[in-house]
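A.B. asks: If you read the protein sequences in the order shown, they are chains A and B. Just so it is clear: in the first sequence, position 173 is 172 by numbering that gives the first Met the number 0, and no numbers are missing. Just so it is clear: in the second sequence, position 112 is 111 by numbering that gives the first Met the number 0, and no numbers are missing.
Among the hints, erroneous ones may be present.
Remember, identical chains collapse to one label, so a pair may be satisfied in a single copy or spanning two.
Below, computed lysine to any residue pairings styled on SDA-like, alpha-carbon distance capped at 25 Å [as the list claims (entries may be wrong)]:
1) Lys119 <-> Met300
2) Lys119 <-> Val361
3) Lys165 <-> Met178
4) Lys143 <-> Glu255
Keep in mind the hints are simulated off the structure, nothing from the lab.
Protein chains: 2
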Amino acid sequence: MEHKKPVVDAYRRRLLAASAGGAAAGLAGFSPASLAQAGGKPLPPFASFKDASRVIVHSASGIETQRSAFGTSGITDKDILFVRNNVAPPNASVTANADAWQVEFDGVSNPRALSVAELKRMGIASVSMVLQCSGNGRGFFGHKASGSQWKVGAAGNTLWSGVPMKAVIAQLGGVRQGMRYMTSTGGETIPPGIDPKTVMVERSVPWNAMEEAILAWELNGEPLPLAHGGPLRLIIPGYYGVNNIKYVKRVAFTPEQTGASIQSSGYRVRPIGQKGAPAQPSMWEMNLKSFITHPAGDQPMRPGVAQIYGVAFSGGSPVTGVDVSLDGGRTWHRAQFFGPDLGRYAWRQFALQARFEPGSYVLSSRAAAGAEVQPELRVENERGYAHNGWRDHSVKVTVA
Amino acid sequence: MEHKKPVVDAYRRRLLAASAGGAAAGLAGFSPASLAQAGGKPLPPFASFKDASRVIVHSASGIETQRSAFGTSGITDKDILFVRNNVAPPNASVTANADAWQVEFDGVSNPRALSVAELKRMGIASVSMVLQCSGNGRGFFGHKASGSQWKVGAAGNTLWSGVPMKAVIAQLGGVRQGMRYMTSTGGETIPPGIDPKTVMVERSVPWNAMEEAILAWELNGEPLPLAHGGPLRLIIPGYYGVNNIKYVKRVAFTPEQTGASIQSSGYRVRPIGQKGAPAQPSMWEMNLKSFITHPAGDQPMRPGVAQIYGVAFSGGSPVTGVDVSLDGGRTWHRAQFFGPDLGRYAWRQFALQARFEPGSYVLSSRAAAGAEVQPELRVENERGYAHNGWRDHSVKVTVA
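Okay, chain A solo, but in the shape it has when bound (with noise of 0.2 Å):
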């Protein structure tokens, strides 16, 4: 059985004795934002939405906030929030009839399938989370690791609400003995003459991921897009994007986990080099993480006092501290927390006031959740997932 919490962490120590300190120093990963903001793809229909002015278009299916453009309010609107599908959405018009929209039900005392409306007379639940890639940071590995080169922008901290995951299952009878896995798949369409386990989007998490599970028909406080799972998306507070599955169309406690690809293969982290295996950890629970959104290190900066700040979350553990430091990690400051608390998997805002003379800085943040502090370094991995070192998040400016 795998390591329930902190998964991630554990495959930390587990990698970093192995390598003796083998992962990347100093700022190889870092790159201007001017770098990440190059591009200029096309916005797909489906997020045509987005203000194509704040965002990166990676691909059809990736699309990431600008570092500049998370704002000091909390929330990451719709406009901007960052969007990462593995299969193409299911056709636009299956939001038009939201209420319609059917899942089933199952490893239940009494399975069966309810509609969205059903649903919604079920219970109502509303939780403050930060969304995030698993990839988020890959761009900052040196090893051009497969798949978007997601810098800070595949993260957003969201207002989701729908029904309790546990009200839906206490109706149909609670769940079966012996399970041990909450196993839920999409509703997208598997293209003909491929074997349906190599694409389908099916991820299986620890049963008792349930009690803060919700299905969710909204996304602050709109209606819920398809670009973000619309009409129906399983959210799991504190869990990694992948797990919170869009256009969720059945959910089963199962005794194993699902043998589909992307859960048995995908989203596992091994070494780099190495092919995944379910004997590797899975991206399930986010880790301890923060990093600065402004200065974004996109323009020059003018001398005299400014205000630094930035966010920070990890998959449940209140943030209790950020510290700042203004030249790469040497000396820190400790920030002050802004805003409302939007509760444990929110995100965090904090700010530090300084003051610069001209000349070059880098600025750096490092959360604190407790006893355990944010780490200097990434773990390599072959697929870069699970960034949260600070080094590489730091943003450097010039004050001239």
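Fit chain B to the supplied structure of chain A, relying on the hints for placement.
C.D. replies: Positioned in the frame of chain A, the structure of chain B alone reads:
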């Protein structure tokens, strides 16, 4: 000197004593949502980004959120947030170069003008608060009070960020002695040939409102649009909308309230038929209020279990509980809060699960903040301000 707090409730006591129960009883002001949604006027150009299918366009300067559009995520998206302007907004070009916008400060030790770019260097804060028009609920009054016939939707819960006013004032040496009001002026263009005092948007509030005030350039995580006061808006958490000066171009601490009509005779609570005058209570802090957002009464319900939910807020006293009635106020049930607590100026979401047999129901909500309880009836007044009576805000539903 005027009552500092709670102005409206002091007025309520005085007026009720005088009229001995003369406030409207019953559902005289009740109107089904379908009526409120009639009209279909086009969106004005400066608010063309609104979702026309989920708002009610009263006029080019009055746009209301439909009761059924609020959702359950706690925040009101800019696509549906109400708009109310007293004077046409400045040219849209002012938001294109937001950082260049200038604000004059006076009544401080070192008066001067500051640009938004300069303000951004002075500090950062973020607050969630209910923005509500003084006349929200006017459409329930029986005397055809002049102005937009708002029902529930001239209100929304919003996130604002910008610089704390007190950080700016500290930089300017503090408020000069003898100043009792913070008097702020909007940047609207006054048409030539009109006495500016009769149309200018200039409001005075007790000077210590600056303690929590923000000069905001961001709404819900995005650059503040012109329709909501961009490039810069004065935000005074807990105060009615009119005090939250859009396109703010001057903030002055003054010994007296401004003589502008919008202050001296406008936004004054007085008996029906009376003219506005400075001795009457001014529309400053908001009172305790709640309303149901689902069901919205716009379509019949099916028998069985359903969720009833809504929002509750005040001018800053934390809402401690909400009761819901299914029978027009004869019996009450305690609702549950859900979703994040965004602070004492935000609204809290409440929900009650109930089972409905076929029939007709009148659904009501009644908020409490400590010992204070939301009243049943409106206080009749000339302009239809400050309506927080729970009866008129009830929703009539048919279950069949």
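A.B. asks: Next step is simple, just say for each hint if it's right about the structure.
C.D. replies: Hint by hint, here is what the structure shows:
no. : hint              : result
1   : Lys119 <-> Met300 : between (50 Å within a copy, 12 Å between copies)
2   : Lys119 <-> Val361 : between (49 Å within a copy, 21 Å between copies)
3   : Lys165 <-> Met178 : within (15 Å within a copy, 57 Å between copies)
4   : Lys143 <-> Glu255 : neither (33 Å within a copy, 66 Å between copies)
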